[in-house]
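Construct the complete structure from the given sequences, taking the supplied hints into account.
Numbered per the UniProt record's numbering, the sequence shown spans residues 1 to 143.
Because the hints were derived from the structure by calculation, they are not lab data.
Just to be clear, a hint being listed does not mean it is correct.
Said to hold, decoys possible - Computed Cβ-Cβ distance ranges for the label pairs, DEER-style:
(1) Ala82 / Asn62: 34 to 42 Å
(2) Asp43 / Gly125: 15 to 23 Å
(3) Ala132 / Asn62: 29 to 37 Å
(4) Asp43 / Tyr63: 17 to 25 Å
Predicted model, so just to flag it, every value in this text is computed and none were measured.
Note that the Cβ used here is the ideal one computed from N, Cα and C, for glycine as well.
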Amino acid sequence: MDQALDQARLAAEAGEVPVGAVLAGPGGHILARTGNAPVRRHDPTAHAEILALRAGGAALGNYRLAGCVLAVTLEPCAMCAAALVHARLAGVVYGAADDLAGAVISRAEYLDAPFCNHRVWHMGGVRAEACAALLRDFFERKR
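Shown next, in the form of structure tokens:
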């Protein structure tokens, strides 16, 4: 999670909402370190999680990321949660809950939905205060 926080800080420095992600491969080696980039890329799908999945797929030569685990500083939204399922990710660990748009436990329980054809294990609250503080400080400076 510390590496994901580093990516979130870099995203904030670039004017992006500070969310960072790190994707570990089946053997534990790092496949991707990414931060939010929708503003810079002019791409509404350029969330840190999506960018990490794209980089992981390229590194492994496969869109299915079986055995991979994602660490992300903020609870994934519905788009990202769906992408985790479609990528056949093994698991996701996240920091801060997202009371507005979180789709793991806060606003929806997408990863546990009975219609999903793959189960992604999940654990939230890892370094939650540090992750939340980064977001809180970013938005306070914006206002």
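Here is what the structure says about each hint:
Hint check: Ala82 to Asn62, Cβ distance near 18 Å, so the stated range 34 to 42 Å is violated. A beta carbon spacing of about 29 Å between Asp43 and Gly125 contradicts the range 15 to 23 Å that was offered as a hint. The hinted window of 29 to 37 Å between Ala132 and Asn62 holds, with their beta carbons roughly 34 Å apart. For the hinted restraint 17 to 25 Å between Asp43 and Tyr63, the CB-CB distance of approximately 18 Å keeps it satisfied.
In summary, the numbered hints that this structure violates are 1, 2.
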